[in-house]
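Participant: Protein sequences, first through last, are from chains A and B. Using numbering that gives the first Met the number 0, you'd call the opening residue of the first sequence number 0 and step up by one each time. Using numbering that gives the first Met the number 0, you'd call the opening residue of the second sequence number 0 and step up by one each time.
If you're looking for bench data, these hints aren't it; they were derived computationally from the structure. Just so it is clear, CB atoms sit at the ideal spot from N, CA and C, and this is done for glycine as well. One or more of the hints may lead you astray.
Unchecked claim - A few chain B positions that, by computed beta-carbon distances, are all more than 10 angstroms from chain A:
hint, residue
1, I18
2, K47
3, A105
4, A132
5, N135
6, D136
7, D138
8, A147
9, Q165
10, T187
Unchecked claim - Selected chain B positions facing chain A (in silico; Cβ < 7 angstroms):
hint, residue
11, L52
12, P80
13, P115
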Amino acid sequence: MLEFITLAFMQRALLAGLLTAVTLSLLGVFVVLRRSAFFGDAVAHFAFAGIAVGFLLGLNPVLTAVVVSLLLALGMGVIQRHAPGQSLDTIIGIFFSGAAALGIFIIGLLRGFRVDLFQFLFGDIVAITPTDVVYSLLLLILVGSLLAFTWRPLFKITFNQEIAAVSGVNVGLYEYLFLALLAIATALSIKIVGIILVPALLVIPAATAKNLSQSFRALVLLSAAISLVSVLAGLVGSFYLNTASGATIVLVSIVFFLTSLLLPNSRKLNLSKLKSSQIK
Amino acid sequence: MAPIISVQNLSVTLGGHLILNNLSFTINPGDIVAIIGPNGSGKTTLLKSLLGLIPYHGHIQLGSTNLGYVPQRLDFDRTIPITVTELLSIHLQQKPYSKIDQVLTAIDAKNLSHRPLGVLSGGEFQRVLVALALLNDPDILFLDEPTASVDAEGASELYTIIKNLQRSRQLTIILVSHDIDVVFKYATNVLCVNRRLVCSGSPKQALTQTTLEQLYGEHQTLYPHQEKH
Numbered sequence: 000m001l002e003f004i005t006l007a008f009m010q011r012a013l014l015a016g017l018l019t020a021v022t023l024s025l026l027g028v029f030v031v032l033r034r035s036a037f038f039g040d041a042v043a044h045f046a047f048a049g050i051a052v053g054f055l056l057g058l059n060p061v062l063t064a065v066v067v068s069l070l071l072a073l074g075m076g077v078i079q080r081h082a083p084g085q086s087l088d089t090i091i092g093i094f095f096s097g098a099a100a101l102g103i104f105i106i107g108l109l110r111g112f113r114v115d116l117f118q119f120l121f122g123d124i125v126a127i128t129p130t131d132v133v134y135s136l137l138l139l140i141l142v143g144s145l146l147a148f149t150w151r152p153l154f155k156i157t158f159n160q161e162i163a164a165v166s167g168v169n170v171g172l173y174e175y176l177f178l179a180l181l182a183i184a185t186a187l188s189i190k191i192v193g194i195i196l197v198p199a200l201l202v203i204p205a206a207t208a209k210n211l212s213q214s215f216r217a218l219v220l221l222s223a224a225i226s227l228v229s230v231l232a233g234l235v236g237s238f239y240l241n242t243a244s245g246a247t248i249v250l251v252s253i254v255f256f257l258t259s260l261l262l263p264n265s266r267k268l269n270l271s272k273l274k275s276s277q278i279k
Numbered sequence: 000m001a002p003i004i005s006v007q008n009l010s011v012t013l014g015g016h017l018i019l020n021n022l023s024f025t026i027n028p029g030d031i032v033a034i035i036g037p038n039g040s041g042k043t044t045l046l047k048s049l050l051g052l053i054p055y056h057g058h059i060q061l062g063s064t065n066l067g068y069v070p071q072r073l074d075f076d077r078t079i080p081i082t083v084t085e086l087l088s089i090h091l092q093q094k095p096y097s098k099i100d101q102v103l104t105a106i107d108a109k110n111l112s113h114r115p116l117g118v119l120s121g122g123e124f125q126r127v128l129v130a131l132a133l134l135n136d137p138d139i140l141f142l143d144e145p146t147a148s149v150d151a152e153g154a155s156e157l158y159t160i161i162k163n164l165q166r167s168r169q170l171t172i173i174l175v176s177h178d179i180d181v182v183f184k185y186a187t188n189v190l191c192v193n194r195r196l197v198c199s200g201s202p203k204q205a206l207t208q209t210t211l212e213q214l215y216g217e218h219q220t221l222y223p224h225q226e227k228h
C-alpha cells in the first residue's frame, strides 16, 4: 500500500510538492483576501511568456521566467496606481492575454517540438530533481521570512489602504513588494508544479480555509493544512490511478472547496480566544 | 496657545476640477471641530488633504504625526475571517496588549472582542473603527461622518463616547457631519466649506442665517431636532 514512499522519485515529488504547497498557500491567503485570484492566473502566464523567452534566447528558462514575471507584475502595478479610471480587472485581463499571446508567439518562432518546454508548462511533479527540492525549500524560506516581516502592513493595506497610510504604512512600497514576491514565487513554482497547478494552489486552499474560518489565525493555519493534504492526497491518488499528478491535486482541492461550502457559520474555526499576546 | 493644525492657502484639484479653493485656518489642541457643507462641497477632500492622503497645493502643518482616522465608507470585504481582537492586535503599534481591552472598554464594546468582524451590525462595526482609530493614543482624531450607517440612538451614543474621550484624553477631534444638531451639541468650532471657507468660529457665532444661505442656498433656517431624551 505504501510502496510509493519507497520510490526515490515519489519522495522528491512529495517533498517538493509539500514545500511548494505551503509557500503558495501562505501567499494565497493575501491573494484571496485581496480578491485578486485572477491576478494569480495572470502571473502564471507572465512566467509562461518568460519561459518561452528563455527558450528563444537560449538562456535558463527559470531565470527568464522570474525576470519577465517581475517586470510584467510590477508594470501592471504601476499602471494600476497611476492610470485612474482603469479597473483592476481590465488591466489584469489585458496583461493576462498579452502574456499568453507573447508566449504562444515566441513558441511559434522556436524550431522543432520541445518536450522540455511542455514539461515546464504543465509541470511534471514526478520528474523532479534533487535540485528542484532545494529550490522549493529556498523559496519557502524566502517567502516565509519575508511574510513574517511584512504580513502586518500587508493585512492593514488589505483591510483599508487609507487607515494603513494614516498609521504610517508605505502603501506603494508594500504593494510592489507583494507583487514582486508573488511573481518570483509563481515563476519558480511553475518549474516544479506547472502552470495549471500554481494558480490553483494559490487560490483554492486559501478560499477553502476562508470558508472554514472565523479568525485570521485559523485562516492561515487551515490554508497551509488544506494545501498540504490536497498535494499529498493528489500525489498518492495519481500514483495509484496512473493519472496526471497536477490535475489530480487540483481536483482533490476542489472537492475540499465544495465540501467547505456546506459548513454552517456556527461550526467555523475561531482561534482568536487564545491570548492576544500570542498573535505576533 | 500654539495651534495643533495650521492651514494656509490650501487648494485641491482632482481630475481637473477645483475642489477646494484657497482655504486658511488654524485649529487649537483640544478643539472639537465640525466640517460642514452641502454634498460635493469638499468636506471629505479637506479631511483627506489634512491626513496627507491626497495631493494638494498650499501649506498644512500638523503638530503631531500620531493620528487616528475613521473613514466615511469602508471598502471592506465582510467575508474576511478576522475577529475584533485580531484586527486591533494587527494595528497595535506598541505593546502592551492590555491596550486592546482598555480601548474596547472605553467605547463600550468589550463584549465584541472575540466576535468575527463580518457578523457585527453597522453600529458595532463603527465602534470597532473608532476603537481602531484610538488604539495608538492619537493626538488628533479625524472622523468622516462616523454615524452615517448608524441609527439615531447609536449615533447619539457614539458622539457621547467621543465627547467623553475628548475630555479625558485631551484629544483634538476633526469631524465631518451633515447634522447641524450634532454640530451645535458637540462641536466647539465649525468650519463651513463650500469649495472655499464660508465661515469659521464657534457654532453659535459662525452659523448665522447669512452663512447658512451662502452654504446651502437661500431659505435655509435652523430648526432644532425634537429629540426625546
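Participant: If you test the structure against every hint from before, which numbers come out violated?
Facilitator: 2, 4 and 5
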